[in-house]
Structure formats: structure tokens, C-alpha cells
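These protein sequences, in sequence, are chains A and B.
Mapping of the first sequence onto numbering that gives the first Met the number 0: position 125 corresponds to residue 124, and the numbering continues sequentially without gaps.
Mapping of the second sequence onto numbering that gives the first Met the number 0: position 55 corresponds to residue 54, and the numbering continues sequentially without gaps.
FYI, nobody ran anything at the bench for these hints, they're computed from the structure.
Treat the hints with caution; some may be incorrect.
As the list claims (entries may be wrong) - In silico DSBU-like cross-links for lysine-lysine, where the CA-CA straight-line distance does not exceed 35 Å:
#1 A:K104 with B:K70
#2 B:K15 with B:K104
#3 A:K70 with B:K15
#4 A:K137 with B:K15
#5 A:K104 with B:K145
#6 B:K104 with A:K145
Stated by the list, open to error - Ranges between beta-carbon positions, derived for each pair:
#7 B:N30 with A:L100: 35 to 45 Å
#8 B:N143 with A:P64: 26 to 36 Å
#9 A:P13 with B:Q60: 36 to 46 Å
#10 B:R26 with A:T136: 17 to 27 Å
#11 A:E38 with B:L100: 35 to 45 Å
#12 B:E16 with A:P37: 30 to 40 Å
#13 A:N5 with B:F36: 24 to 34 Å
#14 B:R87 with A:G117: 27 to 37 Å
#15 B:T142 with A:H106: 20 to 30 Å
#16 B:E16 with A:E19: 44 to 54 Å
#17 A:K145 with B:E41: 30 to 40 Å
#18 A:K104 with B:G117: 37 to 47 Å
#19 B:E16 with A:N5: 42 to 52 Å
Just so it is clear, CB atoms sit at the ideal spot from N, CA and C, and this is done for glycine as well.
Number of protein chains: 2
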Amino acid sequence: MSITFNPIGIIHTPFKEIEEAPIQSARSEINGEVEVFPEFTEGLDGIEEFSHIYLLYHLNQSDQPLSLHVKPFLDDQPHGVFSTRYPRRPNPIGLSIVRLLCRDKNHLAFFGADMLDGTPLLDIKPYIPSFDIFETTKTGWFTNRKIQ
Amino acid sequence: MSITFNPIGIIHTPFKEIEEAPIQSARSEINGEVEVFPEFTEGLDGIEEFSHIYLLYHLNQSDQPLSLHVKPFLDDQPHGVFSTRYPRRPNPIGLSIVRLLCRDKNHLAFFGADMLDGTPLLDIKPYIPSFDIFETTKTGWFTNRKIQ
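The following block holds chain A by itself, in its conformation from the complex (with noise of 0.2 Å):
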């Protein structure tokens, strides 16, 4: 049964193609900025006292996987794509953890930017250490990865 998902928002950055476009958000120094629709900007209400939020947007540019096995950015060896953040995924959804710089009505300047200008912005949740910090005492081919 399919799921259907209406954007609330944009998000604007300097990227025009995959390949200027960062490696994670943790590893970018550009800015970006969300544009929430108007409908939505009482819904924005107290974002602006969070430093860090996430964006979950539509990896709209990227195609299906041609495969379940897929080479990510950092490795030269393929792994099935649950176990990588590659963006050619059977549901495109990407998600990224992003530094809150203002708030302007409707809109957020953010620090971290590592999607293409004019992704639709699928939510925003706050990001809360004590429900988003873990851990981990495995991170697989992450750990063992060719390229820094």
C-alpha cells in the first residue's frame, strides 16, 4: 500500500549537482536556508530556541538503485544500501542533522547544508541528545572505510 507525502517546504543551497554537494552534514561548512510554506510557519513555533534540528526532505534527483548493493561515497567495496547513507535508495528519503542559525518568519538559515538547491522538505524535528545520542560499539565498513 503506498504512502503519499505532500512537501512543506524547500530547501535552498549552492548545490546544483551531486557531485559539489557534501558528504553529510557533519562534514559541511556551507550554509542553507529552509523556506516553509506559509501554511506551515505556526508549526516553526519555538524551533528557534534548538541549536540543532533535522530536515527528512525527498532526494528528488536521485534515481531508483539499479542495485541492493551499492558503493557509498567513502568505500570502494559495495554493501547493501540499508547499511550506507547512499542517496539512490528504494524510498529516497534523506535526512540530515543540521546546525539552527535564525529564524525569520518562515524561514531558517541553517549551517551544514549537504543537499541540492530546491529539495522538498519533507518535516523537521528537533534534535534532543538524550533521544538522539547513542553508543555504538560497531560501526561495520564505517570503521574500515578507504576513503577519509
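Using the hints, position chain B against chain A.
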């Protein structure tokens, strides 16, 4: 422009009603099971080498929000829905970080269940500390919340 996704599996948990489910995976000591549909099994290759994973899922038992201001489970004041993790939201996408216990083909056993039984799974991503752990400086209403 609406966006259509198709579930890649189902999440099984002991929770039949919203009132039974723990608030956030980080506060849950309950195990759950992910059943990925057989056609996506290969996409899990390598996941067993990660201790923690993101589950992204459709909050299919959450009604649409009546208002863009909602009262989160841990506070007695309403806030903009995007500054909360409240399940009734314009695009009801759930995000849980859980501890992966083991994989058996297309089944994953995990610790930290906070979603309802039968929840449609949209995506799995590996949790990688250098991508996913950020030092926050502000956590808004959560800092002064009324309920611990």
C-alpha cells in the same frame, strides 16, 4: 507535488495502542522485530556489523494534526509541531534510533521499540557517530519541560 513511497517492510512490536508505547526509543527497554520484505533482503547486507540503526517509518495510526501547535508528551505547554517529536504531524514520518541485536536473513531483532505493531517501514540507515552526534547549545522547551 505529492511524493509516493512504498513500504520496504513491517515493524513488529508488542504495542497495539498509542498509550502503551514508550516515549522515544532511548527510553524503551522493549525489543521489536523488523521484517523487511523478501525482495529487499540483499539491501541489508552488512547491516549486522552496525550496533545502531535508524528506522524511518510511516506513523500510519496517527491522525492528521488538528493544529500546528501541539502539546508534546513531556510538556504541559503547546509548541510548534516542528519543534516537537509529536507523532501527529503534517507528514507523519517516524524516526527511531535502535540497537540492532541480530539479523536473520530479512529479519532484524532490535532493542528500543517505541512504535506500534504493524508500522510500515520506509527506510533503514546506519547510525554513524561522526555523522550523527552533535554538541547542542540549546534544546528549547525540552530543557525546561514539565515532565521528566
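Kindly confirm whether 37 to 47 Å is satisfied by the beta carbon distance between K104 of chain A and G117 of chain B. Taking Cβ atoms as reference, K104 of chain A and G117 of chain B lie about 39 Å apart, which means the hint holds.
Range hint 36 to 46 Å: satisfied by the CB atoms of P13 of chain A and Q60 of chain B? Holds, at about 40 Å.
Hint check: K15 of chain B vs K104 of chain B, CA-CA at most 35 Å. Holds or violated? The hint holds at about 26 Å.
Quick check: does the Cβ-Cβ distance between N143 of chain B and P64 of chain A fall within 26 to 36 Å? violated, 44 Å
Using the Cβ atoms, figure out if K145 of chain A sits within 30 to 40 Å of E41 of chain B. violated, 22 Å
Agreement of K104 of chain B and K145 of chain A with the hint, judged by alpha carbon distance not exceeding 35 Å: The given pair, whose Cα atoms are some 27 Å apart, holds under the 35 Å limit.
Supplied distance hint 20 to 30 Å, evaluated on CB atoms of T142 of chain B and H106 of chain A: holds, 24 Å
Could you see if the CB distance from E16 of chain B to E19 of chain A stays within 44 to 54 Å? Once the Cβ atoms are compared, 47 Å apart, the range 44 to 54 Å for E19 of chain A and E16 of chain B holds.
Assessment of proposed distance window 35 to 45 Å (beta carbons of N30 of chain B, L100 of chain A): The hinted range 35 to 45 Å holds for N30 of chain B and L100 of chain A, with Cβ atoms some 40 Å apart.
Does K145 of chain B sit within 35 Å of K104 of chain A, going by the straight-line distance between their CA atoms? holds, 27 Å
At the C-beta level, are E16 of chain B and N5 of chain A separated by a distance inside 42 to 52 Å? Since E16 of chain B and N5 of chain A have Cβ atoms about 28 Å apart, the given range 42 to 52 Å is violated.
Holds or violated: 35 to 45 Å for the Cβ distance of E38 of chain A and L100 of chain B? holds, 42 Å
Hints 3, 8, 17, 19 from the list above are not met by this structure, while the remaining hints are.
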